[in-house]
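S.K.: Read top to bottom, the protein sequences are chains A and B.
Position 111 (the first sequence) corresponds to 111 in this note's numbering; numbering is contiguous.
Position 10 (the second sequence) corresponds to 10 in this note's numbering; numbering is contiguous.
Keep in mind the hints are simulated off the structure, nothing from the lab.
All C-beta atoms in this analysis are idealised placements derived from N, C-alpha and C, irrespective of residue type, glycine included.
Treat the hints with care, since some could be wrong.
[Claimed, not checked] Counterexamples of contact, computed for chain A against chain B with all Cβ distances above 10 Å:
#1 LEU12
#2 TRP27
#3 PHE54
#4 ASP163
[Unchecked claim] Some, not all, of what chain A presents toward chain B, calculated at C-beta under 7 Å:
#5 ALA28
#6 ALA29
#7 ILE35
#8 PHE38
#9 SER42
#10 GLY62
#11 THR65
#12 ILE66
#13 MET68
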Amino acid sequence: MMDFIVIPILALLAATAVTVARIRNLWAAVMFTGIYSFLSASWMLILDAPDVAFTEAAVGAGITTILMLATLSLTPRRHRKSGRLSSEDFEERPSKSPLFPLLIVTITGCALVYGTFDMPHFGDPNAPIQVYPQPSFVEKSQPDMHGLPNVVTAVLASYRGYDTLGETAVIFTAGIAVLLILRKNTDDQGSSESQSVTGENA
Amino acid sequence: MDLLLAVAETNSSFDNALVVTSVAILVTMILALIRAMLGPTVFDRVLALNMFGTKTVLLICVIGFLTGRTDFLDLALLYSLMNFIGMVALLRFSEYGSFREEGADIGSSAKS
């Protein structure tokens, strides 16, 4: 029933991906990745995965766009043909003929598609994902969690709480490290200013 | 909202109206994407992107009513927030060329 929405969304996804690959303006490419994130999040929503769609919309469309723009502001806009960098920097040109990469990509794609044939059909009740974890998760999570209706949240935040805590700590540490690397370190001479982690400049 | 949902469950012509609405939104999305691809200036692209985000929010709302799931509306809210933040970041970048003004931004680390 949702086909009339799913098919145009997938077509738009493909068109956006081709545009990202072909467009030469990096600024516009960042914009198109934002569009891509919105579209894929909508598709995940239609596939009944609102939590994944939530993450995709927040991270893919929000944070990644801003990070990409920050990267763009740190790098030159155009591909530098010749300039201050020596010619050795561009020694590794893409090969002239596109046939060999095309062949490799085609073979890899065929292998991946062949791999999906072994997967159970979408929504198959006998699929391992429906059968393998004990149904007790579904049965017990509501009384265990004092009536929390979402089993995914119960598993993620309570049964695997320490796991999630560890993952969050890792991501937090990585974020702090990235901020420390990217911060402006050619500070003005005021030593008290250079101590600030947020890199505020006068 | 509950009234609308009740109407949607009982009335099939309301359902048809939702289908027509979503098709119209999809056509608008395609047009906006074409404008974003062609757009000669930065501002054409910004407008097209903004419109695309708005249409996504609308489409999610319509899908929520089609399938009778009102929790999609929260997601639509989040999408519109993300659209706004992304738009502010894009415009800031296109005006200043970096985020270095008013250092509280995430890109305040940009070299000067």
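S.K.: Would you mind marking each hint as holding or not holding in the structure?
M.R.: Hints, one by one, checked against the model:
no., hint, verdict
1, LEU12, "violated, 6 Å"
2, TRP27, "violated, 7 Å"
3, PHE54, "violated, 6 Å"
4, ASP163, "holds, 25 Å"
5, ALA28, "holds, 6 Å"
6, ALA29, "violated, 11 Å"
7, ILE35, "holds, 6 Å"
8, PHE38, "holds, 5 Å"
9, SER42, "holds, 6 Å"
10, GLY62, "holds, 4 Å"
11, THR65, "holds, 5 Å"
12, ILE66, "holds, 5 Å"
13, MET68, "violated, 9 Å"
Hint compliance for this structure: hints 1, 2, 3, 6 and 13 are not met, and every other hint is.
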